[in-house]
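The task is simple: from the sequences and hints, build the whole structure.
Now for the letters of each chain:
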Amino acid sequence: MDIQSYISSGKLELFLLGELTEREREEVIDFAKRYPEIQQELDDLQETMFAFDNMTGVAPSQEVKEKIFSTLESDFILKEVPKPTAVPADAKVVPIGSPWKPFAIAASIAAIVASGAAFYYAGKYEERNDQFTALLQDQSVMADNLNQVKQEYDQKDSQLDKMIAGDFKRVVMKGEGFDMQKDARVDVLWDQNAQEVFIAVNNLNDLSDEFDYQLWAIGDDGPVGIGLVNSGEKLTLQQMEAVAQAGAFAITIEPKGGSKAPTLEKLVVLGEVA
Amino acid sequence: MEEVQLIAGLRAKDRKTTEYLYDKYSRALFAVISRIVFDKDIAEEVFHDAFVKITKKIDHYEESKGRLYTWMANICRNSAIDKLRSKEISQSGKTNTIDDFVYGMESQSGTQEHIDGIGVKELLIELNEDQKFIVEYIYFKGYTHSEVSEEFDIPLGTVKSRVRAAIQVLKKNVARI
Numbered sequence: 001m002d003i004q005s006y007i008s009s010g011k012l013e014l015f016l017l018g019e020l021t022e023r024e025r026e027e028v029i030d031f032a033k034r035y036p037e038i039q040q041e042l043d044d045l046q047e048t049m050f051a052f053d054n055m056t057g058v059a060p061s062q063e064v065k066e067k068i069f070s071t072l073e074s075d076f077i078l079k080e081v082p083k084p085t086a087v088p089a090d091a092k093v094v095p096i097g098s099p100w101k102p103f104a105i106a107a108s109i110a111a112i113v114a115s116g117a118a119f120y121y122a123g124k125y126e127e128r129n130d131q132f133t134a135l136l137q138d139q140s141v142m143a144d145n146l147n148q149v150k151q152e153y154d155q156k157d158s159q160l161d162k163m164i165a166g167d168f169k170r171v172v173m174k175g176e177g178f179d180m181q182k183d184a185r186v187d188v189l190w191d192q193n194a195q196e197v198f199i200a201v202n203n204l205n206d207l208s209d210e211f212d213y214q215l216w217a218i219g220d221d222g223p224v225g226i227g228l229v230n231s232g233e234k235l236t237l238q239q240m241e242a243v244a245q246a247g248a249f250a251i252t253i254e255p256k257g258g259s260k261a262p263t264l265e266k267l268v269v270l271g272e273v274a
Numbered sequence: 001m002e003e004v005q006l007i008a009g010l011r012a013k014d015r016k017t018t019e020y021l022y023d024k025y026s027r028a029l030f031a032v033i034s035r036i037v038f039d040k041d042i043a044e045e046v047f048h049d050a051f052v053k054i055t056k057k058i059d060h061y062e063e064s065k066g067r068l069y070t071w072m073a074n075i076c077r078n079s080a081i082d083k084l085r086s087k088e089i090s091q092s093g094k095t096n097t098i099d100d101f102v103y104g105m106e107s108q109s110g111t112q113e114h115i116d117g118i119g120v121k122e123l124l125i126e127l128n129e130d131q132k133f134i135v136e137y138i139y140f141k142g143y144t145h146s147e148v149s150e151e152f153d154i155p156l157g158t159v160k161s162r163v164r165a166a167i168q169v170l171k172k173n174v175a176r177i
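Going down the list, the protein sequences come from chains A and B. Going by the UniProt record's numbering, the letters in the first sequence line up with residues 1 to 274, in that order. Going by the UniProt record's numbering, the letters in the second sequence line up with residues 1 to 177, in that order.
No lab work stands behind these hints, which were simulated from the structure alone. Just so you know, not all the hints are guaranteed correct.
Said to hold, decoys possible - Which residues of chain A face chain B? A few of them, derived with a C-beta cut under 7 Å, are:
id, residue
1, Gly10
2, Ile29
3, Gly57
4, Val64
5, Ser70
6, Ser74
7, Phe178
8, Gln192
9, Gly271
Claimed, not checked - 25 Å max Cα-Cα, derived DMTMM-like pairs, lysine to aspartate or glutamate:
id, chain 1, residue 1, chain 2, residue 2
10, A, Lys266, A, Asp154
11, B, Lys57, A, Glu22
12, B, Lys132, A, Asp154
13, A, Lys162, B, Glu44
14, B, Lys57, A, Asp212
15, A, Lys182, A, Glu210
16, B, Lys13, B, Asp39
17, A, Lys162, B, Asp153
18, A, Lys150, B, Asp130
19, B, Lys141, A, Glu22
20, A, Lys256, A, Asp191
Computed from a predicted model, the values in this text were never measured in an experiment. For glycine and all other residues, C-beta sits at the position ideal for the given N, C-alpha and C.
Next comes the structure, spelled out in structure tokens:
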């Protein structure tokens, strides 16, 4: 498990604010026992919360204190030393006579059987406990995965919102007419009012490690680099830097990390804004 | 007094221990309540009931679920939220903001015990807008994180990470002041 990302998820803060469900709470308690870093973080957070409250607080009035203690008065238990009760001197000791013998033997046998059973069930318990721990681990892995999926979902959801709410123009960039990759195609989605640019890679060859694809917005002031393109992520939206004005978009191959000005010999695709 | 002794003393209904608890924590616990319930008289009434509840329910406190203070603070916070949402207060229409709180602190500092009002202000003002918003709603208005998420259309994950970021800023400031 990635302890740091668990700590930074914000779950521990919610735990302390009493806002988790019973199951999530158990999980935090369990992890705190197993991972000292998590326990440490909980301790630090509690220190902070107390210090913050204490520093920002004003003491309640003296009247409230008096009222509270008078309400509690009847609850306080006065410490009295209990009188020792004497053992009566004439207590009788019953001697164990022969009539008890068979019962004593029977009791011993029962005790031996019970011990055997206890060992047997102790073993079973151990086994179940291990299974339970394994299940808890599985569950935490699943919770992590779910968290990741949720974050991806949130991201897609906000992209979709933008697509629906915005006024996006589609600019198709093609490789026809250039020597690099004839069948390359990348779509630019551009909301001129919000200045937002997304791209979706349709077809683009993979590059070796020392090169990157770089997107250019070509406007009145010449080409401006607005981000690197991930050729591996096909048909998903990649957000690029903001553009207010452009007559065309183009992608070139540049040394890793991108360049200040485009290498025109390595122009891959170009699309004009209609 | 160690926390273990303190808890044992409270469970034994010992008067001295209860007084110690009061002296050590009443200011912080009252802060938790009075930033949600702005009216001082009502806040004191809530504090009275919450403190009595704490001493009566001490047997329900479980060490594994956090420090004693955290447990007590949650009782106070919940009592304050219950009061705030009861008709009694909602009719008066008061809402708390961080600015009210800081301003309120300053105006009280003459009559109440001395407080480093400037420090408090700094403590809160270092937060950025997002964090300030989160602290305001969760600490001062008693919202849960899911209520903030629903009402203001902020993804739950984002609320969580902002809660964390805000508390991290407070942590840094608390250590500095």
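List, from low to high, the hint numbers that the structure doesn't satisfy.
-> Structure breaks hints 5, 6, 7, 8, 9, 10, 13, 14, 16 and 20.
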